[in-house]
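Asker: As you go down the protein sequences, you meet chains D and U in turn.
Under UniProt numbering, the first sequence has 9 at position 9, and the numbering climbs by one with no breaks.
Under UniProt numbering, the second sequence has 16 at position 16, and the numbering climbs by one with no breaks.
It is possible that part of the hints are untrue.
[As the list claims (entries may be wrong)] Quick list of simulated restraints, FRET-style, between CB atoms:
#1 Glu241(D) to Arg5(U): 49 to 59 Å
#2 Arg258(D) to Gly217(U): 50 to 60 Å
#3 Val70(U) to Glu191(D): 33 to 43 Å
#4 Asp58(D) to Ala230(U): 48 to 58 Å
#5 Asp73(U) to Gly30(D): 37 to 47 Å
#6 Ala205(D) to Val70(U): 31 to 41 Å
#7 Ala207(D) to Asp60(U): 22 to 32 Å
#8 Arg65(D) to Lys203(U): 32 to 42 Å
Treat the hints as calculated values from the structure; they're not laboratory data.
C-beta: ideal position from N, C-alpha, C; glycine also.
Protein chains: 2
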Amino acid sequence: MQGMRWALAGGKGLRAFLVLESARLHGVAGDAAVDAAAAIEALHAYSLIHDDLPAMDDDDLRRGRPTVHVQWDEATAILAGDALQSLAFELLSAMDLPAAPRIALVGRLARAAGAAGMVRGQALDIAAETAPVPLTLDEIIELQTGKTGALFGWAASAGAVMAGADPAPLERYAAALGLAFQIADDVLDVEGDAGLAGKRLGKDAAAGKATFVSLLGLDAAKHRAAELVAEAQLALAPYGEDAAALREAAAYVVARDR
Amino acid sequence: MQGMRWALAGGKGLRAFLVLESARLHGVAGDAAVDAAAAIEALHAYSLIHDDLPAMDDDDLRRGRPTVHVQWDEATAILAGDALQSLAFELLSAMDLPAAPRIALVGRLARAAGAAGMVRGQALDIAAETAPVPLTLDEIIELQTGKTGALFGWAASAGAVMAGADPAPLERYAAALGLAFQIADDVLDVEGDAGLAGKRLGKDAAAGKATFVSLLGLDAAKHRAAELVAEAQLALAPYGEDAAALREAAAYVVARDR
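So here's chain D without its partners, still in its complex pose:
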């Protein structure tokens, strides 16, 4: 369908990378891991298409290209997002794994994506735009834990779930990684190069929205992001040297330019 492929292209693929590394750490076969990685990217692309709609964040540029509703129209964007959410669950249902880990991944993704996870974060974000007072730091952390953290947590723990192992260390890793990622996003919104980022910057400051940078200041925000990277890396201790790529990924999320 129109818009589905368009929205899938050009992303960093960070969530897919987390799934693939998590699967490799637990000895999960490549085919199943690739399906799970594709599923989380489909779900993430759906969330971006809908977030960019005029009634939501109203963005016209994403990943260096026009957003789906600009390239086609709003109906196409709504439907492409809807179909990408279905596709995520279809991919998980068809993974080359026993039924038990497949249904476990479905249940975890449905909870991460839904009214107690990603959609809740997005709803808090939309509500904040018309709230009489800016959000507090705790409220922003709660918002971002839903909006970004829930899918990061699913992706990083997917390999453990596929293998029937304990997902707790990777969930701790993902929680710290997700917050570091979001602080870095707020820093990029202030300091970044829109050409490299592939989306409009400076929007939050222009809208007077509370961000990690507006609440902490630029230096303290960067310092907090660095602490969270260290925390994420520490959570990987049970995996030893095998988790080197996930450690590098944590360093990357605060060093990236897009």
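Given the coordinates of chain D, assemble chain U onto it according to the supplied hints.
Answerer: Positioned in the frame of chain D, the structure of chain U alone reads:
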């Protein structure tokens, strides 16, 4: 979340009824059947919320009440629909059944809902609104097979899938039922009482859209619907007297006033 409960209330519950009857016919325990019935109603409610958006069918009345984007706003409607789709898969993932039938129901629902099923039907419907020539009868059947038929097929066959039985007879029943239902909708749009229907009527004729009624004429459309009801009932032959309630449901879909 706002809008989710609102959109779930006041429907006919026809898809839930199909799930419950299909489960009863196959001896599936009540708890699992109720979860599957709730899942299909959540998915159906999501599709109505998004279909009613200004960028789609732009309806302000549904089930006798304001649509979600009228009662709240468009962002709430987009997010409530998104969360209801996630909820459908969450409910299926947590059913009190072995993992194999749960994942089978997830895969079937994802396909029925996605770019090859319901969303495809809705995309064809939106495209028809701006097409230079009205749709042909075959094109309308294809459109409605996606838009309505896919979820009917999932619902009617759910009990067979839960029990590991052959879903083919119930899929044939649902295909005929879905078309009869849609023809009856087109008849209602012309002859119905908006107060009883709980939504605006006469919209298709006003928009010059091709419908079963505009293509066949009112009498031939009613005749074709009656044939399809008989066809649906015939498909239930393998179930004998046990399928009496599903036979009555087929008669109901063309006799209803909403």
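Asker: It remains to establish, for every hint, whether it holds in the given structure.
Answerer: Each hint, compared with the structure:
| no. | hint | result |
| --- | --- | --- |
| 1 | Glu241(D) to Arg5(U): 49 to 59 Å | 50 Å, holds |
| 2 | Arg258(D) to Gly217(U): 50 to 60 Å | 59 Å, holds |
| 3 | Val70(U) to Glu191(D): 33 to 43 Å | 42 Å, holds |
| 4 | Asp58(D) to Ala230(U): 48 to 58 Å | 52 Å, holds |
| 5 | Asp73(U) to Gly30(D): 37 to 47 Å | 44 Å, holds |
| 6 | Ala205(D) to Val70(U): 31 to 41 Å | 33 Å, holds |
| 7 | Ala207(D) to Asp60(U): 22 to 32 Å | 29 Å, holds |
| 8 | Arg65(D) to Lys203(U): 32 to 42 Å | 35 Å, holds |
Of the numbered hints stated above, none is contradicted by the structure.
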